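Asker: Below are the chains, spelled out letter by letter.
Number of protein chains: 2
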Amino acid sequence: MKFEEKTISSEEIFKGKIFTVKKDTVKLPDNSEASREVVTHHGGAGIIAVDDDRNILLVRQYRKGVEREVLEIPAGKLEKNEDPKKCCERELLEETGYAAGTITDLGKIYPTPAYCSEIIHIYMATDLIKKEQKLDSGEFLEVISVKLDKAYDMVLSNRICDAKTVVAVLKAKQLIDG
Amino acid sequence: MKFEEKTISSEEIFKGKIFTVKKDTVKLPDNSEASREVVTHHGGAGIIAVDDDRNILLVRQYRKGVEREVLEIPAGKLEKNEDPKKCCERELLEETGYAAGTITDLGKIYPTPAYCSEIIHIYMATDLIKKEQKLDSGEFLEVISVKLDKAYDMVLSNRICDAKTVVAVLKAKQLIDG
Numbered sequence: 041m042k043f044e045e046k047t048i049s050s051e052e053i054f055k056g057k058i059f060t061v062k063k064d065t066v067k068l069p070d071n072s073e074a075s076r077e078v079v080t081h082h083g084g085a086g087i088i089a090v091d092d093d094r095n096i097l098l099v100r101q102y103r104k105g106v107e108r109e110v111l112e113i114p115a116g117k118l119e120k121n122e123d124p125k126k127c128c129e130r131e132l133l134e135e136t137g138y139a140a141g142t143i144t145d146l147g148k149i150y151p152t153p154a155y156c157s158e159i160i161h162i163y164m165a166t167d168l169i170k171k172e173q174k175l176d177s178g179e180f181l182e183v184i185s186v187k188l189d190k191a192y193d194m195v196l197s198n199r200i201c202d203a204k205t206v207v208a209v210l211k212a213k214q215l216i217d218g
Numbered sequence: 041m042k043f044e045e046k047t048i049s050s051e052e053i054f055k056g057k058i059f060t061v062k063k064d065t066v067k068l069p070d071n072s073e074a075s076r077e078v079v080t081h082h083g084g085a086g087i088i089a090v091d092d093d094r095n096i097l098l099v100r101q102y103r104k105g106v107e108r109e110v111l112e113i114p115a116g117k118l119e120k121n122e123d124p125k126k127c128c129e130r131e132l133l134e135e136t137g138y139a140a141g142t143i144t145d146l147g148k149i150y151p152t153p154a155y156c157s158e159i160i161h162i163y164m165a166t167d168l169i170k171k172e173q174k175l176d177s178g179e180f181l182e183v184i185s186v187k188l189d190k191a192y193d194m195v196l197s198n199r200i201c202d203a204k205t206v207v208a209v210l211k212a213k214q215l216i217d218g
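These protein sequence lines are chains A and B, in that order. In terms of the working numbering, the first sequence opens at residue 41 and continues consecutively. In terms of the working numbering, the second sequence opens at residue 41 and continues consecutively.
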């Protein structure tokens, strides 16, 4: 990597429950030094569940980062070294009460690679099996079902803005419709 | 908003150059209290420049968050209250040396709305006008030109993973090809 920034020193600034913040000093390709603020996060996984009638499941919940309710695919934060597929199967079941008969990998995204280590893995669930929703205490959300084509329109008209959900809807539609 | 989390108190943990970290106490819909860690960021803007031969411009640079080189559309961080369109026109010119004759709004994304306030605004530039690249000192990057259809394949095969770039390529292709 010809542009690599080699870390010379690293200082932990904040260790939270969701993320850690560190301040690194790096050596740039021209050998000068620079400072980098980085949010460290174990990563996440999200899953777009599509039923046999082309309905998808979305979760509406309040998101403190953007201080508003956001429509998202079921998703969760990975425990350290957790398998992202297992993580999102668990979240799908807990949040919506559905299990996936078939899971397809839709790739990964770096939400903000400049300053945050988070990688979000995205999957598609099909051949859904109805089981039972099991919300954690303190988790307030509403599950809604919309047609994939309507979700696609909602992405294009900015009513769905969550990055992993935008990517999941666009890729799932591409995969299903070709 | 029926799931709103009302902020009761807020404590600033870290004030950096790129982002600020705060720890808020919130009241949940059932009146219980919870703690929220939030990264505050002024937001960003990215622009996918498409020339008359369906080539797009991508920038390869090292990204400390994910500790690797990442292919991205030209983009920048907003100054407080800055117009995102002006921001990405400036970044496009500085990083690639091109000005946009026409700019189309491709919407916005929330990269990680659960814990980060950042909103990224995405635009498409067409009718490009060649001017001069003006990199900031300490900015090391390579500009590459690829066909829109190749970039689309790179999104589907996980070679383009940056969230704003994935969304820009998928939406630009949809807009141009219908």
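To be clear, the hints were calculated from the coordinates, so they are not data collected in a lab. Here the structure is a predicted model, which is why all the values come from computation and not from measurement. Honestly, I wouldn't trust all of these hints.
Note that the list lumps identical chains together, so a pair holds whenever it fits in one copy or between two copies.
Stated by the list, open to error - Subject to a maximum C-alpha distance of 16 Å in a straight line, what follows is the list of computed EDC-like cross-link-like pairs (lysine to aspartate or glutamate):
| # | residue 1 | residue 2 |
| --- | --- | --- |
| 1 | Lys67 | Glu52 |
| 2 | Lys211 | Asp193 |
| 3 | Lys125 | Asp70 |
| 4 | Lys42 | Glu182 |
| 5 | Lys117 | Asp217 |
| 6 | Lys190 | Glu107 |
| 7 | Lys46 | Glu179 |
| 8 | Lys211 | Asp189 |
Asker: Return the numbers of the hints above that this structure violates; sort them in rising order.
Answerer: 1, 3, 5 and 6
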